[in-house]
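Under my numbering, the residue at position 256 of the sequence shown is numbered 256, and the numbers go up by one with no gaps.
Quick caveat, the hints were computed from the structure, so don't treat them as lab data. Computed from a prediction, not measured in an experiment: that's the story for all the values here. Hints are not guaranteed to be accurate.
As the list claims (entries may be wrong) - With a cut-off of at most 30 Å between alpha-carbon atoms, the simulated DSBU-like pairs for lysine-lysine come out as follows:
#  : residue 1 : residue 2
1  : K59       : K481
2  : K127      : K87
3  : K258      : K339
4  : K242      : K339
5  : K59       : K96
6  : K127      : K96
7  : K258      : K87
8  : K258      : K96
9  : K481      : K447
10 : K447      : K258
11 : K59       : K87
12 : K59       : K339
Stated by the list, open to error - Have a look at the derived ranges for each label pair, beta carbon to beta carbon:
#  : residue 1 : residue 2 : range
13 : R51       : R277      : 20 to 26 Å
14 : F119      : G532      : 57 to 63 Å
15 : D428      : Q257      : 22 to 28 Å
16 : G532      : E80       : 56 to 62 Å
17 : F119      : R277      : 47 to 53 Å
We put the beta carbon where it would ideally sit given N, CA and C, even for glycine.
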Amino acid sequence: MQMHKVRTAVLTDLVSDLLSPTELSRALSLAELSGDPLDAICTRLGLCSERDLTQAFVKGLGLPVIGPEDFPHAAVLPDEFNPHFLKQARCIPIAKTERALSVAMVNPTDSQAELALAFATEGAIVKSICTATDFDAAWERLYGASSQLGYLDGVENSTQDDVERLQDFASDAPVIRYVNQLVSRAVDLQASDIHIEPADQEYRIRFRLDGLLTEVEEQSAGFGSNVVSRLKIMARLNIAEKRLAQDGRFSVSARGQKIDLRVATTPTVHGEAVVLRILDSERVPLNTRALGFSPEVEARWTQLLDRPHGIVLVTGPTGSGKSTTLYAGLTRLNRPDRKLLSIEDPVEQQIAGVNQVHARPDIGFGFDAALRAFLRHDPDVIMVGEIRDLETARTAIQAALTGHLILSTLNTNDAVSGITRLLDMGIDAYLIASTVTGILAQRLVRKICATCGGGPGTDAPREIAGARHHSCEVCGGTGYKGRTLIAELLVVTPEMRSLIERQAGYDELCRQALADGMIPLSEDGAAKVSAGITTAEEIARATLEA
């Protein structure tokens with residue numbers, strides 16, 4: 001007991017710089033009540049990240065840090081140590097010499113574990129630090145339970161006993177800790193999604209960072225399936241159903257704040273794949289300047305939103321940030337004297353003061369039906385997640401004609417194509433001309449890392465391709481960190497309206513849009529390259545992949 005108090009005192013001193021006095025008091029109280037180490041309490045509550053905690057250990061104790069590649073390929077002295085002891089002590093032997101045993105420890109202040117290791121080997125202990133996530137992955141690989149969990153693969157014909165056993169494994173402490181730390185790690189890296197994908201013998205974990213997928217690690221098939229089950233429990237999904245896709249959501253605490261996650265599962269030939277969308281409202285400010293609008297586009301966009309009625313569309317491929325732009329528009333329009341309604345599939349971000357509804361096409365409550373229902377609630381502004389079909393388009397036009405402002409999206413490559421897309425749906429040209437007031441097309445591009453400037457040299461746009469292997473902790477050596485948008489905005493002027501009514505061709509509509517002041521995507525991108533915000537390589541990737 002006395003040793004536990006000493007260890008807690010040492011940990012308190014190490015983490016005091018990371019926490020506020022209130023957070024530290026809260027963590028100490030919970031550590032005393034639960035008996036869990038203070039460091040585990042801090043990361044579990046999201047009061048600090050694993051990386052911050054590790055750096056505190058390095059600074060305070062002067063010990064080296066090891067990563068996943070530094071763990072041994074096979075267990076060291078497997079007959080000397082009980083795997084359950086190693087799991088409880090959160091330490092793994094990594095090398096043995098005649099005089100000493102090198103050990104990686106999540107909590108290097110755990111003198112009790114150190115004494116036990118020294119007693120077992122009758123030698124000195126050389127300590128290094130590892131994160132809890134790296135420890136869990138290494139322990140599963142070296143001592144893992146995949147051979148004990150093989151029976152979990154055939155859950156399609158689960159009995160009630162099978163389901164209960166599955167829930168027990170999914171509720172095992174290492175699984176819970178791993179899921180919490182995986183989400184915290186993704187939030188620390190500012191990932192937008194976590195992809196958990198089964199293969200033949202393992203599960204692959206990838207993060208989407210600044211729009212691109214990056215492989216993080218692999219887990220054994222047994223442990224990976226337990227992680228999937230844990231996520232399904234947290235999202236209140238059917239844990240025994242592996243034949244059908246399911247959707248849900250849950251919230252966790254990370255970095256001291258609430259993080260919402262949307263969960264989507266789908267069956268594959270090797271098992272269930274899961275994608276977690278991280279809905280961190282604190283990370284994406286909902287205003288157009290912060291999103292990357294140029295002053296010219298922002299001014300014209302604001303004028304469109306200030307009109308009392310009409311249809312304003314945002315176009316672009318999937319993943320181009322259309323929903324975020326619409327949320328920014330709703331936020332600007334959100335005033336006590338207005339009623340705002342939104343129909344989405346699904347609701348990605350909740351905005352106080354906006355009545356948001358999930359579309360449910362499976363029960364006949366799709367965008368069209370919801371929009372018709374909304375019109376009976378006397379709204380001022382209606383956001384429709386996407387105009388996908390003729391009926392939704394017709395209802396939106398009817399709403400605009402009766403004095404409502406409609407915000408929505410289309411999947412087209414550029415602004416002018418939004419007009420031709422509505423014509424292709426079967427909407428009469430005169431109705432498009434009289435209701436659509438503007439169409440914004442956009443893409444997301446990665447920004448040059450502000451810390452390293454994109455790599456060696458001063459001309460980041462030219463150096464970026466050759467600077468991918470340089471070392472920068474902020475951007476991970478990629479030369480990019482964060483994203484901004486490039487956009488083109490078509491405003492329907494009287495001249496454009498006349499061309500739409502007589503169903504002019506695409507090229508003629510483009511010429512008129514440019515004459516009316518539309519700045520093309522490529523020119524907006526070139527301006528951001530000249531300003532040192534992004535690179536020509538990024539502009540080419542974003543515009544050519546559409």
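Hint-by-hint comparison with the structure:
| no. | hint | verdict |
| --- | --- | --- |
| 1 | K59 / K481 | holds, 26 Å |
| 2 | K127 / K87 | holds, 16 Å |
| 3 | K258 / K339 | holds, 27 Å |
| 4 | K242 / K339 | violated, 42 Å |
| 5 | K59 / K96 | holds, 26 Å |
| 6 | K127 / K96 | holds, 12 Å |
| 7 | K258 / K87 | holds, 29 Å |
| 8 | K258 / K96 | violated, 43 Å |
| 9 | K481 / K447 | holds, 6 Å |
| 10 | K447 / K258 | holds, 27 Å |
| 11 | K59 / K87 | holds, 25 Å |
| 12 | K59 / K339 | violated, 54 Å |
| 13 | R51 / R277: 20 to 26 Å | holds, 23 Å |
| 14 | F119 / G532: 57 to 63 Å | holds, 59 Å |
| 15 | D428 / Q257: 22 to 28 Å | violated, 49 Å |
| 16 | G532 / E80: 56 to 62 Å | holds, 57 Å |
| 17 | F119 / R277: 47 to 53 Å | holds, 48 Å |
The structure fails to meet hints 4, 8, 12 and 15 from the earlier list, while all remaining hints are met.
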